[in-house]
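K.L.:
Each chain, written out:
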Amino acid sequence: MYHNNHCEGFQCEQRMLEASLGEEGGELGVLDRLVAWMRQRSLFVLAYGTGCGAIEMRPLMTSRFDAERFGIIGAATPRQADVLVISGYLAVKTLKRVIRSYEQMQEPKYVIALGSCAINGGMYWDSYNTIKQVDHYIPVDMYVTGCMPRPEALIEGFAALQEKIKRGEPGGFQRYRENIDWYKGNQRRVLGDNMPPDYTYDWYHAGGTA
Amino acid sequence: MLEFLDSPGVLQGIYITGSLTLFFIGLYGLLAKRHLLKVLISLAVMEMSVYLLFVGLATSPGETAPILADGLATFTGMADPVPQALTLTAIVIGMAVLALGVSLAVQYHRLTGNADIRAMSELKDS
Amino acid sequence: MELQLTPVWFIALPLLVAFASPLWVRLQLLMPLLFAVPLLLLVLAISLVPVVRAAPLLETIVIAPPLGIHLHLDAAALVMLILFNLAGALMAAFLWLGDTEPYLRGRQPFILIMLLITGCTGMVLTGDLFNLYVFLEIAGVSAYALSALRRDRGALEAGLKYLIIGSVAAVFFLFAVVLIYLQTGQLNMAAVASDFAGIPAPMQALIGLLLLVGLGIKAELFPFNFWVPDIYRGSDPATAALFSGILVKAFIFVLFHLVFLLLADPDVARAWLMGLGALTMLVAELVALRQQDLRRMLAYSSLGQVGLIVLALGFASEATTAGALFHMVNHTLVKLLLFFVAALMLRRVLSLRLGDLHGIGHRMPVATGLFVLGSLAVLGLPPLSGFISKLWILKGFAAAQLFWPIALILLAALIEAAYYFRWIKVFYDTDPAKAHPGIMAGPVQGAPVYLPLLLIGGLLLLFGVAPFLLEVSFVEGAQSLLAREATLEQVLGARL
Amino acid sequence: MHVILDALAMIGLSYVMGFLFYGFYRQFSARVQRRWGPSIWQNFFDNMKFLLKSETLSHGPMFFFGPMIIAAGAITTVLFVPFLKDSDWLQGFSHSGNLILIVYLLVVGPLGNALAVGSSGNPFGVMGVTRGLTRLMGLEVPFFLGLALVMLQHETTSVHAIMAAQDGIAQWNLFTNPIAFMVILLPFIASQNASPFDVVGAPVEVYAGPRVEFGGRLLGVLMTQNMMMTIAKLVLVVDLFMGGATNIFILIAKAFSLFLLTAAISLAFPRLKTEQTVDFFWKVPLGLGVLGVVATVWFPWGA
Amino acid sequence: MSLIVKMLFLAVSLSPALTLLVWGDAVAWPLLGGIELTFDLNPVSGFFMLLLALGAPLVALPMLRGAHEGPAYGLYALLLLGMQLLLLAGDFIGFFVGWEIMTWSSYLLLLRSERSDLEGAQSYILFNLASAFLLLAGILGFYSLTGDFRIEALASAGPAEQLILAALFGGAFLIKVGTLPLHIWVPRAYDQAPDTFSAFLSALMSKMGIYGLVLLPTLFPQGLAGLLGSLLNGPAAGYILAWIGVITSIIATFKAISQEDMKRLLAYSSIAQVGYITTAIGVGSSLALGGALFQALVHTLVKLLLFITFAGIILQTGQRRFNDLGHLIDRMPIAFFAVLIGIIGLAGMPPLPGFAAKYLIFVALIDARWLLLLAAMLLSSTAAFIYCYKLIYAPFLGHANSPEAKAATEAPWPYLVPQVMLMGLLVLLGIFPGLAIELVIDPVLIGLGMAALGAPSPGELATAYGGYDGVVLMSVFGSAFMIVTGLFFLLRGRMRRAGSAYDLSFAGEVPTAETPLHYGAGMGRELRRIPLVDWILSRTTTRFQAGLTRQSLAASGLLGGLYRRDPQTWILLAVLLFAVALTLMLLAGGL
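Keeping their order, the protein sequence lines are chains A, P, V, E and G.
If you're matching positions, the first sequence starts at 4 in the numbering used here and goes up one per residue.
If you're matching positions, the second sequence starts at 11 in the numbering used here and goes up one per residue.
If you're matching positions, the third sequence starts at 15 in the numbering used here and goes up one per residue.
If you're matching positions, the fourth sequence starts at 8 in the numbering used here and goes up one per residue.
If you're matching positions, the fifth sequence starts at 4 in the numbering used here and goes up one per residue.
If you are wondering where the hints come from, they were derived from the structure by calculation, not from laboratory data.
Some hints here could point you the wrong way.
To be verified - For each label pair, taking beta carbons as the anchor points, the in silico distance ranges come out as: (1) Met-217(V) / Phe-34(P): 16 to 26 Å; (2) Arg-128(P) / Arg-165(V): 18 to 28 Å; (3) Val-57(V) / Leu-166(G): 53 to 63 Å; (4) Gln-306(V) / Val-513(G): 54 to 64 Å; (5) Val-57(V) / Thr-545(G): 56 to 66 Å; (6) Leu-551(G) / Leu-19(V): 50 to 60 Å; (7) Leu-98(P) / Gln-493(V): 32 to 42 Å; (8) Leu-551(G) / Tyr-38(P): 38 to 48 Å; (9) Ala-558(G) / Val-57(V): 24 to 34 Å; (10) Val-22(V) / Ser-70(P): 53 to 63 Å; (11) Met-105(P) / Val-22(V): 22 to 32 Å.
Said to hold, decoys possible - Some, not all, of what chain V presents toward chain P, calculated at C-beta under 8 Å: (12) Phe-144; (13) Val-155; (14) Arg-164; (15) Arg-165; (16) Arg-167; (17) Gly-168; (18) Gly-173; (19) Ile-178; (20) Val-185; (21) Phe-189; (22) Gly-248; (23) Leu-473.
To be verified - Derived coverage of chain G by chain E (criterion: at least 3 residues anywhere in the stretch with Cβ under 8 Å from a Cβ of chain E; other residues may be distant): (24) 98 to 112; (25) 400 to 414; (26) 533 to 542.
All values reported here derive from a predicted model rather than from experimental measurement.
Note that CB positions come from ideal geometry on N, CA and C, so glycine has one too.
Build the full structure now, drawing on both the sequences and the hints.
P.N.:
Next up, the structure:
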């Protein structure tokens, strides 16, 4: 089903990581830099708590941490959101929703993996239904480690993401677009027939323009 | 002995009482009897009472029949001929009605085996 | 020998023709004659219009009134004559042209119909009370026999009921005549009228009530009209058309003729008659709401219209009287039309129950269309003639500033509409689940039978659009009906 | 040429005022909540970010045209509200319009957008539209009644004439007709889609609202028109009740003070449910309006 | 053969236009007893004749489609005849004749629908006849005062008599326009009538009631003000009428919102819209009447457009409930635009002419100082947005909910031609409200002896209270729309077409065709949580009317019992009555 599969497993990850090396913001034009600056100054976070990390996201909006001063606020629907925070472990069941929500977000869009569970399975490393590595299924732009990371760490992660956006580095969404077959293959391996609809896959393969 | 009966007042009183009695007998039969023929007979009795009343009240004692015969050339002392003529006519008509009624009743009985006026309910359909 | 065009012919000709019926049977002229005689008389009546307009015709039989019997043909009576003969001719045409049941085509119905028309004509024409009784019984007997004509259970039952109740009415009437004669020694109506005021008041009341009950039963007034639906239901629809179209009209005419003639002051009777008329109308319309049989429904509708006519005549102003006369004409035509349609439906579906007539409008479009036309006319909806006559009556009441009859008449019309349109809706029902296709399907009727129906429809429309054609007749009729003094003078003056 | 420049100036002014006012509002509310709050330009950034998104989902032509209609409606509304009194500038086409027209124009855009929401096929969006229309039904009655009191007071529907009649501060309708101002104040807040009457959009908390399916540039257009519309409404109320303005600074000052008032009220109250909103409007402001009518029209104290 | 009949029918449907164009002198037709029917065309009737001339052919066109239906054509011709008689009549009898012909011919047309049931048909004819008989009663009352049937002002009459007359006539016309609580026939009839005929009922026949209401004040020497004096700046009698109209439109609007059937919704909306007209007539000033006439004009066009369009949808899909339709926008784009234009007109939004009408009425209310009425009217007209939205959302947007809706195609051309023409007319009227005032409204006002409204330019609607310019409005809005759209495309970025209709933001879930996504029928249900709306929606007059029916049937059964007895009972009754009456009379005579 998912054709265009030139590589497999680790090789692909390597290639994907290498593809973004060596690009710098200095190469951006003035207009692009302005656009990038605007984008990093306003990040709408999809209010979607997948696991225990969601508890740590809430304080972000409160008076104590006040993420709004960085332009970070919540958004109710994926159509309006720029950032998806994978907050904690992902079950197989949740993964499908996460993928669907991610595909419904409008580019440019970014993913932050929050906590060890999302990054490498953490304490659920041998659970039968927990996703070990989120970046096998959707592209992750920023990893915030810890179990659990404090809100300050999350803000740190956001700031790093903003920095990355400002530099004009290619986001994870571009990786997703280019390696859609690999991602879909991985997703299928976990989800089996219970895959989310192929709208985005078809869109990318139809050329994805206009 | 019974001459007082000849006085017009008493005589007419008798006629009136009698015919009214007859009338009410007829009316009773009409209202209370269920057999078709009895009802028709009661009707005839009612009619009869009216004829009797008419003829009775239109005639005074001593008057003769209004027939110009046997040398009678004038109308003196004769009863008023009109009521009698009318009564005759009415009797004929009454006859005709009665005959029709009886024939219908007989046919009805033949057809349905029923002669009870209150059991005639073919037409009550609503 | 020159044949004189006198009112006697209206009575004599049908009688003669009726009694010579064996001859017509042999010559196979029954049906043509049944049609031709009323037609001839109709032509005669119409030709008499200018004559009567000049002065009422007074035809003395043997001896001059008050001793002798006389026929009195005034404008009102002429209207009724034209109506009766027109209705008779239409009825005959319907029987002749259609695929009529055999019991309506023989000698017996021929005689009976002729006698019925004769009786009604006689009642309208005669100037003598006892003669009136005779004609009343002639009409009555022929009606009893007619309603029992089919000789099945329902028809016999109807005939018997009709006979019993009709005889009671006749007894009451006869009683009144007897009392009148005993009190006044007169039988001539005009003579009685001039002496009537001299009768003691209690006796007047008794006579009045006897007359009211006797004629009320015959003329289908409210507390005395319970028999009507049964009779109409049991008779053949075509004969019911005659009862509703001719017989009732004759009795209403007689009732009011007597009232207007006998009472110097019609106010005495006004309250009674208007009250009874209004009651008749409202009760009948209300009861009709629930009817499930077309004939019963038409019977109640007939009662309602009778109530309206009595209400209008009872008021006795010129406009309402003229309107009522016009309404009589309309009602006769309409009821002929409706009962004829009912007859046609009965022949086709073999039932006239509401449930069996679902969707008949799609199978008998012309007949149902005519039914709709008739309904509109009977409801008094323009542009049909029923509207004009109702308007005339209502206008009479309005001009007299009397508003309760207007309210009642309109209310009754609304109730009437409720059931007529219910039937129409059922006729045009498109729900196939309710329709009974093919059950009890009788033969399809030929086209000619629709001719008299279409003619009636045309007349209804014509009188509705151009009522001025008839206006003079009705106004003169009303005037002659109300002109007590002039009539007395004319009749009694002829004696002197 | 003058007309075009004037129109562009009005559009620009209303946009700039719009994002600044909103930015101020966010900061103000942050300070009330003892936060630092975003920069005053934050709304501009948000809006620009959306307008510069590289991907925009569309559910069909009507979905696309809805935001266009609402934006056109906002621009039309702005152009029919006179911003300045006794000036050739910032008048737009207000001489061809009147107060009732403006009140109706305020609704044109949202209805056009409602079509787009429906076209998306998302039931949550339609639910939001219904809520919005219901709230509109509630607020419009007292709002219009208050405006009608003003129109009756000056016997005209022309905004210019009403503005011209308020010469000095003593003639401000705010003072000559305080009941009318009180009647319209809360409906006015609701028409700004501000708390406590903001359950329609239900930002952040509820997965519903008319904008549920909009993203990218279309959402940017919606945000733009929202800011402009807010300013148009503010200026309208300034014109009607605060005597209008003779130059831009006075205009900004008056509009800002009015905005401060409404913002303060907004921040002080929690959100109402839709039916509570409607019931509230039909009871309190409308009741006040009826009292106002009785007091000023049926039994006028002046006469 | 059938083609010739159809062409003939089309020609007949043009007869109102012909009458309007070539009518010469007055025509008189003697009836009897000094009653003479006179027919003439005056400016007031000319206005309504114009509506008829516009509507009749447009309704006739879709009727021609399909099988040849002789009786329907005939009845339609009769209906047109009746309405023309009504409009031309110079006397009450002619008016009544036309009124009744209209009533029964439309009833018979109604019967031709397969959907018509006994209840609906009965309520249609009975309410209309009740209206007619009230009218007749009023006419007779008028006659008893003047001795004449001509339609002209009463010369002299006491205040009580004037009030009774006004109540009778008013009652008649209010039933016809479907005022609450006498409206129950309207939704039933509009729902059950043949689909194209509903357009005629709503657009044109309700206008005859309006015609009557417009004529009503002219019967009295000082108009409505002469009845009960004046209140604030308007007639007190009109204040009552106006409240009747407004309450009607409020309740009908909420009822409309709660409907689940397209035609029933339109029916209630029709009641509401005509309620506005009633209100405006109640105000009675020249501004208000101008507004009323304008509203009548707009409502005619809008309802023709909407009913014909929905008739087309029902023809193509066979579905009429909001639940069963959806997403027809791609398959029936012309119908979509027709409904769009229609609801904009219905809601009275600028720039379409519905706004002009509302504007005039609002200004008239302010002028009369009847502000509470204004508020109430505004309530109904903003609540109308909800049903307008439902009207376009449920059939055209959202998701297709039945196989028919998924496969529908655009309606055939006899449906589309009227739609396109009406859309064009509405847009034109919206751009040039002043033109309509000059050409159509002012002659009527002058004919009624009122001040003309006037219009400085074709695009401008001007009143003493200010006005607006339709041309400017339309061009500003149009250019703004184009500029915004153009700018949008200048921005960088791509548009992405949703992969499927079910590609929805649905809380991470994946909706499918089985998911209940259509919000059409349920829309407005949550309004019941508002106490006032709940109170309105939970009340209905059907129960009262059913009770009335039951009671009259019970009375019928009770009285009918007398007729079901045997002959002996009848005779007994007669004799008893005779005896009682005799006793009474003797007693009365003796005493």
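K.L.:
Work down the list of hints and note, for each, if the structure agrees.
P.N.:
Each hint, compared with the structure:
At roughly 20 Å, the beta carbons of Met-217(V) and Phe-34(P) sit within the given window of 16 to 26 Å. Between Arg-128(P) and Arg-165(V) the CB atoms are about 22 Å apart, so this pair conforms to the stated range of 18 to 28 Å. In this structure the supplied range 53 to 63 Å holds for Val-57(V) paired with Leu-166(G), their Cβ-Cβ distance being about 55 Å. The given range of 54 to 64 Å is respected by Gln-306(V) and Val-513(G), whose C-beta atoms sit roughly 60 Å from each other.
For Val-57(V) and Thr-545(G), the hinted distance range of 56 to 66 Å is satisfied, since their beta carbons lie about 57 Å from each other. The given range of 50 to 60 Å is respected by Leu-551(G) and Leu-19(V), whose C-beta atoms sit roughly 57 Å from each other. In this structure the supplied range 32 to 42 Å holds for Leu-98(P) paired with Gln-493(V), their Cβ-Cβ distance being about 39 Å. Evaluation of the 38 to 48 Å hint for Leu-551(G) and Tyr-38(P) yields a pass: the beta carbon distance comes to about 44 Å.
As the Cβ distance of Ala-558(G) to Val-57(V) is approximately 48 Å, the hint placing it in 24 to 34 Å is violated. One distance hint, 53 to 63 Å for the beta-carbon pair Val-22(V) and Ser-70(P), is violated here, with the actual separation near 36 Å. Roughly 26 Å separates the CB atoms of Met-105(P) and Val-22(V), a value that falls within the hinted 22 to 32 Å. Annotation: interface hint on Phe-144(V) holds; nearest CB of chain P at approximately 5 Å, less than 8 Å.
Hint status for Val-155(V): holds, given a least beta-carbon distance of 6 Å to chain P, under 8 Å. Taking 8 Å as the C-beta cut-off, the interface hint given for Arg-164(V) is violated, the closest approach to chain P being about 11 Å. At about 7 Å, the closest approach between the beta carbon of Arg-165(V) and any beta carbon in chain P falls short of 8 Å, and the interface hint on this residue holds. For Arg-167(V), the suggested interface contact is upheld, since its CB lies about 5 Å from the closest CB of chain P, less than 8 Å.
Satisfaction of the interface hint for Gly-168(V) is found here, the shortest Cβ-Cβ separation to chain P being roughly 5 Å, below the 8 Å cut-off. Look at Gly-173(V): its Cβ gets to within about 5 Å of chain P, closer than 8 Å, so that hint holds up. A hinted interface residue such as Ile-178(V) counts as satisfied when its beta carbon comes closer than 8 Å to some beta carbon of chain P; here the least separation is about 6 Å, so the hint holds. At a threshold of 8 Å, the smallest CB-CB gap from Val-185(V) to chain P is about 5 Å, leaving the interface hint in force.
For Phe-189(V), the interface hint holds, the least distance from its beta-carbon to any beta-carbon of chain P being 5 Å, beneath 8 Å. Hint status for Gly-248(V) relative to chain P: holds, with the closest Cβ pair at about 5 Å, below 8 Å. For Leu-473(V), the interface hint is violated, the least distance from its beta-carbon to any beta-carbon of chain P being 32 Å, above 8 Å. For the region 98 to 112 of chain G, the assignment as covered by chain E is violated, since 0 residues bring a beta-carbon within under 8 Å of that chain's beta-carbons and 3 are needed.
Figure legend: the region 400 to 414 of chain G, annotated as covered by chain E; annotation consistent (3 residues with Cβ-Cβ distances under 8 Å, at least 3 required). Interface restraint, the region 533 to 542 of chain G with chain E: holds (3 residues with C-beta to C-beta distance below 8 Å; minimum three).
In the structure shown, a violation is registered for the earlier hints numbered 9, 10, 14, 23, 24, in ascending order.
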